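Visitor: All chains should be modelled from the sequences, with the hints used to inform the complete structure.
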Amino acid sequence: MDVLDLARLQFGLTAGLHFLFVVLTLGMAPVVAVLNTRWVLSGNPLYERMTRFWGQLYVINYALGIVTGLVMEFQFGLSWSGLSHYAGDVFGAPLAVETMTAFFLESTFLGLWIFGWHRLPRRAHLACIWAVTLTAYASAFWIMVANSFLQNPAGAAVEGDRLVLHDLGALLTNETLVFSFPHVVGAGLTTGAFVLMGASAYHLRRGTEEREFFVRSLRTGVWLAAVGLLVAVGFGFAQFGAVPEGKFDGGPEAAGLGFMILIGQLLLLVVLLFLLPAIRWVPRWRRLHRLLVAMTPLPFVAAILGWIAREMGRHPWMIRDRLTVADAMSPGLTSGMVTASLVGFATVLGLLAVVDYALIARVVRRGPGAVALGAPPPPEPSERPEPALNH
Amino acid sequence: MDVVWLVFLGVLLAGYFALEGFDLGVGMLLPVLGRSRERRDAMVAAIAPFVLANEVWLVAAAGALFGAFPVLEGEVLFELYPLVVGMLLAWILRDAGLWFRRRADAPAWRGLWDRVIALGSLVLSFGWGLVLYAIATGFDGSLWHPVGLLLGVLVTLAFAYHGRTFLAGRVPEFAGPGSLPMSAVLAALPVAAVLVAAVPELRDHAAPGDTLGPLTLLVLPFVPVMIGVQVWVWRTFRPGSDRIPSFF
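Quick mapping for you: the protein sequence lines, in order, are chains A and B. According to my numbering, the first sequence is numbered sequentially starting from 4. According to my numbering, the second sequence is numbered sequentially starting from 617.
It should be emphasised that the hints constitute simulated quantities derived from the structure, not laboratory data. Given the structure is predicted, the values throughout are model-derived calculations rather than measurements. Virtual Cβ for every residue (Gly too), placed ideally from N, Cα, C. Misleading hints may appear alongside valid ones.
To be verified - In silico negatives: residues of chain A with every beta carbon more than 10 Å from chain B:
| id | residue |
| --- | --- |
| 1 | GLY19 |
| 2 | PHE107 |
| 3 | VAL273 |
Stated by the list, open to error - Partial selection, computed: residues in chain A whose CB lies under 10 Å from chain B:
| id | residue |
| --- | --- |
| 4 | LEU81 |
| 5 | THR102 |
| 6 | GLU109 |
| 7 | SER110 |
| 8 | GLY119 |
Guide: This is the structure:
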């Protein structure tokens, strides 16, 4: 592989891994926010336990979203300084808005939510998770603005040997953005829904003591999957109007795209024609639970295939019809530099991702009884019962 | 308009050093001050509510650099290539250590991630000295110049001192002298000096008004929110006797 292939591989691995964690974040954040709201409004401890359990899964997943995102943000400068040189006046703007108005707030509010249990008033604490959800979606929007600009450089004009921002409105109403952003949102909700269903089915199949907890979670998952799939599939097909001719003529990414569509339609059929009509009985059918557990990875697979099709389908362009990937690469980048950093990033991020998924699986397996997030303070020493006499 | 973005960049970077400086300082002091698991737990619990709110200052600074000084963003990061790669690895390992250390019960698990946190904090702090030296000298010469290495040691010591004063004001076991605002100024001093010297270069490379105009319009309304939520963090997590179990 030459230096360009290595640099593409490095960015692809980082961004692809980032997307796998972000897509679940987008699905879980509103679920946790709604559960937290129901707890605060009803005072029902069941909803508190659901908020804590699904919240813990959400924040452990979030950790890898952060670290992969950090590496990605800096890779633009490391490997692709030609992009900022040629189009930074346009492409840099949405990324600056994302980091300052969305991620800055998202991370700060998330810290307040995680560490603010038993410290903040309940409603203030609830406001934090809604702020996290809102800014997570704002963040996704601005990233999709930047990505859509690469697909179709709307709102920019060539001036000399560089692109300048010509029309902010056109950048924000890019035809490759208006359907792809809701498509990603739908994919996120679907992914969250299948994690809810898969984890709940795992416990129901084993005859859990937490029956009500997981029956409710499973039904929430079915409803969310129906909404998410309708949004994802609907806006998915709507996107094809804006796909440049010949983008998906053959090649592995076209096959991947076909497979993604297959998964999307299969899941849509299963959810709309079977799970949703049978939602009353779904918690009781143990055989079905095994299937639901097995289906959990499918939305992740579909999401990553769609991402690969969109990103690799743009090749050889970094910015369609304006800048090639080869011209976007940092001048002076050598194979040795990319290989060394690729080995470093791939090893560390790969290991952390495996550990993170193992920890998520552990949270699911141990169930709602062993959640660290939002754990109450231990009773005051004076409140403890007197210890038995020493022997 | 470029003045606004000079201020944004300056405040975000200086803020990162003043705030994340004590997180990194406490991290690298783990093996020094935290000889028992209970002491290490207390040290990490002290910084835990602040880490997410502190490290984003650098993410936002990098975003501001990309949006308002895009050409410099590409050139500076590429010139610093091996340092940025090493510091990123140190940063993400430090973060992972914080998120993972309490997720399993075995003492060896927590001990492993505590060592990762300490090493990551140390490498990241030291790297900042090298980065500041390279920027101050306009990338003229080796990234590993002896003066740069010396600056690395100084930044590391400043962060360690900053972490120590943070602990002194928050954890009874580590009570001691030192003023947190003073150590914050000390931690931010190196980056502030380099930024002041870099103002002419930054102004020469600012994005045109066509970019900065809309960008300012989009970001400025959020600045009070950004400040407000940071203040809220400090009000919420005031020092005091605290028995709520930490998530990190």
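Visitor: Which numbered hints turn out to be false for this structure?
Guide: Per hint list: single violation, 2.
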